[in-house]
Amino acid sequence: MTFKFGGALSALLLGAGTSLLIPSRALADPAPAFHELLRQAQASPRLREAQATVGQAEGLARQSRAWLNPSVSLNVENFGGKGSYSGNQSAETTAAVEQTIELGGKRSARIAAGDAGVEASRARANQVSADFAFDLAQAYADAEAADIRLQLARDSLALAEDDARVADALVKAGKEADLRSVQARSVVEAARADVDEAQAARTGAFARLTALVDSPVPFTSIPVSLLAHADIDEPIPTADPLNSPGYLVAQAERAEVAKRVRIEQTRSSPDVTVSVGVRRLAADDSNAFVGGVSVPFPIFDRNRGNISAVQSELSAADERVNIARLDAQADIQSATGRLYAAVTRVKSAQDSERTALEAYRLTRVGYEAGKLPLSEVLNARRTLTDARNQSLKARQDRLSAEAELARLRGVAPFGDQS
Numbered sequence: 026m027t028f029k030f031g032g033a034l035s036a037l038l039l040g041a042g043t044s045l046l047i048p049s050r051a052l053a054d055p056a057p058a059f060h061e062l063l064r065q066a067q068a069s070p071r072l073r074e075a076q077a078t079v080g081q082a083e084g085l086a087r088q089s090r091a092w093l094n095p096s097v098s099l100n101v102e103n104f105g106g107k108g109s110y111s112g113n114q115s116a117e118t119t120a121a122v123e124q125t126i127e128l129g130g131k132r133s134a135r136i137a138a139g140d141a142g143v144e145a146s147r148a149r150a151n152q153v154s155a156d157f158a159f160d161l162a163q164a165y166a167d168a169e170a171a172d173i174r175l176q177l178a179r180d181s182l183a184l185a186e187d188d189a190r191v192a193d194a195l196v197k198a199g200k201e202a203d204l205r206s207v208q209a210r211s212v213v214e215a216a217r218a219d220v221d222e223a224q225a226a227r228t229g230a231f232a233r234l235t236a237l238v239d240s241p242v243p244f245t246s247i248p249v250s251l252l253a254h255a256d257i258d259e260p261i262p263t264a265d266p267l268n269s270p271g272y273l274v275a276q277a278e279r280a281e282v283a284k285r286v287r288i289e290q291t292r293s294s295p296d297v298t299v300s301v302g303v304r305r306l307a308a309d310d311s312n313a314f315v316g317g318v319s320v321p322f323p324i325f326d327r328n329r330g331n332i333s334a335v336q337s338e339l340s341a342a343d344e345r346v347n348i349a350r351l352d353a354q355a356d357i358q359s360a361t362g363r364l365y366a367a368v369t370r371v372k373s374a375q376d377s378e379r380t381a382l383e384a385y386r387l388t389r390v391g392y393e394a395g396k397l398p399l400s401e402v403l404n405a406r407r408t409l410t411d412a413r414n415q416s417l418k419a420r421q422d423r424l425s426a427e428a429e430l431a432r433l434r435g436v437a438p439f440g441d442q443s
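Take 26 as the starting number for the sequence shown in the working numbering and just add one per residue.
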């Protein structure tokens, strides 16, 4: 007695090797292709916040160039008293302008620190952009993988239902015990639970992708595959730890602290206040010029505590630069090793998937011919399901490693590798 292959198995055999590249195409709001979405996401909250901090630093840098404002004063003396000072006949009115002149290079040091602050904020914004591109790549690949896992779960359910129908037919034909039919049905129920779990995971993955880019319309499908990039054979790029965003941030922040050291050193120099004005002498009905110079006498406060504090901060910044360099070296080595291993795993997983698919086909043929027990079919199908999931995970791992290496290089992932 021979049974024809069920529709699920036929579809699986015809679509072998493509199921992991083409997610389900339900009618939904599709997400743009990855690079297009990354371009559109420049208005996302994370990137807007980073750009706002750059604007803040630029504003502070502009303020650092401002000159000190002069002071205008008007004083009236010797009026409203007794005797010759009654009324205003002996009043002395003085109008003066005072200007504090910064000495010791205070203004130039302040300007240099402001410019260094802008460079540090830009370096941090670049790091945020690199981190965001990595997170978006992860979220995009996770959403597509969740979509595919749902389709795999549905395919597995369809195969389990086919197996159950064959088992029922063999039981009715007297070639299998009733227990085989019960076993097949229990597998079907487990497959249905897997579909529900995969559906929930898919919903969560697309919700995270939508939230990451602050899309007003929820994404529910990915028409342009990103996981297909994992099948592209391309050279693995090299990365320089000294050009990694984290190291560049540490360097820029160290330069900013060094400029603040100079600011504190210049503050130990006193400033000069110059005043000039005109005095009106009512008693003589005459005018006279007045002028003066005021200089603080730095006996008690030479700003030594602040200088010492910021010098210690500079020493800490130097160590942070060294830490960032070592971390970048380790992270690049790790990401490069992961990427090499992932490329190998993708190829191996593809071979394993093809082998498992052929093994399942042959097992089904043997079972339908009455030459193999149902347990062999169930084992072969589990092996096929595991192989397909491993193939999918291998693709995800490769994309993750490639995106991580791109983040450490400070470039967008899955682009030009030069």
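Read the hints as simulated data drawn from the structure, not as lab findings. All of these numbers come straight from a predicted model, not from anything done at the bench. Any given hint might turn out to be false.
In silico DSBU-like links for lysine-lysine, alpha-carbon gap of 35 angstroms or less [stated by the list, open to error]: (1) Lys197 to Lys131; (2) Lys372 to Lys396; (3) Lys131 to Lys284; (4) Lys396 to Lys197.
Hints, verified against the model:
With a C-alpha separation of about 97 angstroms, the suggested pair lysine 197 and lysine 131 falls outside the 35 angstroms cut-off, and the hint is violated. Among the hinted pairs, lysine 372 with lysine 396 is consistent with the structure: their alpha-carbon atoms are about 33 angstroms apart, no more than 35 angstroms. As the CA atoms of lysine 131 and lysine 284 are separated by approximately 11 angstroms, the hinted pair is consistent with the 35 angstroms bound. At most 35 angstroms may separate the alpha-carbon atoms for a hinted pair to count; lysine 396 and lysine 197 meet this at roughly 17 angstroms.
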